[in-house]
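Residue 62 is where the sequence shown starts when you use the numbering used here, and the numbers rise one by one after that.
The reader is advised that the hints may include incorrect statements.
[To be verified] Taking lysine to aspartate or glutamate pairs in the EDC-like style, the calculated list, with each CA pair at most 20 Å apart, reads:
#1 LYS99 - GLU137
#2 LYS144 - GLU182
#3 LYS187 - ASP167
#4 LYS202 - GLU89
#5 LYS91 - ASP167
#6 LYS142 - ASP167
#7 LYS99 - ASP146
#8 LYS126 - GLU112
#9 LYS131 - GLU104
#10 LYS99 - GLU134
#11 LYS187 - ASP153
[Unchecked claim] Pairwise CB distance ranges (calculated):
#12 VAL200 - SER127: 32 to 40 Å
#13 TYR82 - ASP146: 31 to 39 Å
#14 LYS165 - GLU113: 32 to 40 Å
#15 GLU113 - LEU178: 20 to 28 Å
#16 GLU182 - ILE93: 13 to 21 Å
#17 LYS107 - LYS202: 30 to 38 Å
Calculated directly from the structure, the hints in this document are not laboratory data. Virtual Cβ for every residue (Gly too), placed ideally from N, Cα, C.
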Amino acid sequence: MNVVLDTNVLISGTFWEGEAYQIMQLIEQKRIGCFLSKDILEEYNKVMHSEEIIEKIEEKHLAIKSVIIKLLESCEIVDPKRKIDFVKDDPDDNKVLECAIEAKADYIITYDAAHLLKLREFEGIKIISPTEFLRILSVLKEDRSSQ
Numbered sequence: 062m063n064v065v066l067d068t069n070v071l072i073s074g075t076f077w078e079g080e081a082y083q084i085m086q087l088i089e090q091k092r093i094g095c096f097l098s099k100d101i102l103e104e105y106n107k108v109m110h111s112e113e114i115i116e117k118i119e120e121k122h123l124a125i126k127s128v129i130i131k132l133l134e135s136c137e138i139v140d141p142k143r144k145i146d147f148v149k150d151d152p153d154d155n156k157v158l159e160c161a162i163e164a165k166a167d168y169i170i171t172y173d174a175a176h177l178l179k180l181r182e183f184e185g186i187k188i189i190s191p192t193e194f195l196r197i198l199s200v201l202k203e204d205r206s207s208q
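Given the sequences, and given the hints that come with them, work out the whole structure.
Rendered as structure tokens:
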């Protein structure tokens, strides 16, 4: 199962031990495949260097470089060939769709209720929240254990 994580999920999983963190742990354990693009990484890096985030990093004693290196080790980086102009209200969201198409991802995982989650699906790729994704994994695990 392959996923693309939106930047908001990456940020959440970096700082809080909630659902996004659980998904990032599964990725680190190689239990699910993760794909990112250079554009997604650049956005993540930009947010990680914002003043507000730097304060959080200092509080949690995290090093930006080590967090990014861990991501690079856990996820495959793709270079989307196709440019998409589908999300008009927030064109930055198109980079997530581009990455998912290039990676042939099964899911895009996002907290973006205003734009991406509204789509529910794009070219056969399901767009869901971290909560929904963990629910799906739980059901799949139950199905396997009952066989």
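Here is how each hint holds up against the structure:
Straight-line distance between C-alpha atoms of LYS99 and GLU137 comes to about 10 Å, which keeps the hinted pair within the 20 Å bound. For the hint linking LYS144 to GLU182, the alpha-carbon distance of about 18 Å falls within 20 Å, and the restraint holds. A distance of roughly 6 Å separates the Cα atoms of LYS187 and ASP167; the hinted pair therefore holds under the 20 Å criterion. Under the criterion of a C-alpha separation no larger than 20 Å, the hint pairing LYS202 with GLU89 is consistent with the structure, at around 18 Å.
For the given pair, LYS91 sits about 16 Å from ASP167 by alpha-carbon distance, which is consistent with the 20 Å threshold. Among the hinted pairs, LYS142 with ASP167 is consistent with the structure: their alpha-carbon atoms are about 18 Å apart, no more than 20 Å. Our distance criterion of 20 Å between C-alpha atoms is met by LYS99 and ASP146, whose separation comes to about 18 Å. With a CA separation close to 16 Å, the supplied pair LYS126 and GLU112 stays within the 20 Å bound.
For the hint linking LYS131 to GLU104, the alpha-carbon distance of about 16 Å falls within 20 Å, and the restraint holds. Pair hint LYS99 plus GLU134 holds up; C-alpha atoms about 14 Å apart against a cutoff of 20 Å. Pair hint LYS187 plus ASP153 holds up; C-alpha atoms about 19 Å apart against a cutoff of 20 Å. As the Cβ distance of VAL200 to SER127 is approximately 34 Å, the hint placing it in 32 to 40 Å holds.
Between TYR82 and ASP146 the beta carbons are some 33 Å apart, a value that agrees with the proposed interval 31 to 39 Å. A C-beta distance of roughly 35 Å is found between LYS165 and GLU113, which places it inside the suggested range of 32 to 40 Å. As the Cβ distance of GLU113 to LEU178 is approximately 24 Å, the hint placing it in 20 to 28 Å holds. Under the hint 13 to 21 Å, the C-beta atoms of GLU182 and ILE93, about 19 Å apart, fit the expected range.
At about 36 Å, the CB distance of LYS107 to LYS202 agrees with the hint of 30 to 38 Å.
Hint compliance for this structure: no hint is broken.
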